[in-house]
Amino acid sequence: MLITRRVEFSASHCCARPDLSEEQNRALYGEAANPRGHGHNYVVEVTLEGEPDPVTGMVYDLKRLKQVLNQEVVEPMDHRFLNYEVPPFDRVAPTAENLAAEIWRRLAPQFATGTVRLHRVRVYETEDLYVDFEGDAA
Amino acid sequence: MTRLTRRYRFSASHRLHAASLGESQNRELYGKCNNPHGHGHNYELEVSVRGVVDAASGLLIRVEELDRLVAAAVVRDLDHRNLNLEVAEFAWKVPTTENLAQVVASRLEAAWETTFSASGAILDRVRIRETKNNSVELKV
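Chains as they are written, first to last, in our numbering: chain A, -17 to 120; chain B, 33 to 172.
By construction, these hints were calculated from the structure, which means they are not laboratory data.
Treat the hints loosely; a few may be bogus.
[Claimed, not checked] Under the rule of at most 25 Å between Cα atoms (straight-line distance), these lysine to aspartate or glutamate pairs were calculated in the DMTMM-like manner:
id, chain 1, residue 1, chain 2, residue 2
1, B, Lys171, A, Glu(-10)
2, B, Lys164, A, Asp118
3, B, Lys171, A, Glu116
4, B, Lys164, A, Glu(-10)
Next up, chain A with everything else stripped away, as it sits in the complex (with noise of 0.2 Å):
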């Protein structure tokens, strides 16, 4: 069974690479490569894959899947500018690929022992675009 929470932050970012120059980083990423930045308001859902515990109902307790995202992922990223507030993304460009893959290794040690696996990351940059991370693995 497979359950669902859904969090938002908002921040800043800018998708540019360090290597290459502003004109070509605007050819690569398009606005996005604004160098003074840009935001969004993120919306990310989590997804865990379990069976209800017999006792409690529960795949997983809700509450304490609200404050594992409030701590590894709303805390350090609501607010800021990714670019130079959120390592890696000093030097790794933080675009939704990027940043669907980093949520996912910030939750993946919270879920590594017990009874659920993380099943998914998804990430909404805007209502028309998000992406799936499911694990380097598959």
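Position chain B against the provided structure of chain A, taking the given hints into account.
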């Protein structure tokens, strides 16, 4: 595995009517959707791409390239059209959401290689929402 999904919109009219069935059978089968004058929807199309994120750029694809492909292959031909009368595939096929998803997937597949062969990005799935309450998803 990384999958990127982009949503597009188009508005179109259609009439559900199977040529091989009689008038009363069509009315019974399709109900209101069989209205001879047609009716319309604000369709939403989700296109999902899967593949490997380029380590240097952090991008799976350039979204602008997907936007151009979807606009040229799908949205430009379907938006503000009468699907039965103006979209070639529906001259002989009933424009149900199921068939529409197949037509959209075929059009995207036909145009895919030209844009995305170098990146190795794969067309993963197509979802069409006819209304807020109805959607069809096709794994390509």
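Fill in: Ascending list of hint numbers which this structure does not respect
Hints 1, 2 contradicted; others consistent.
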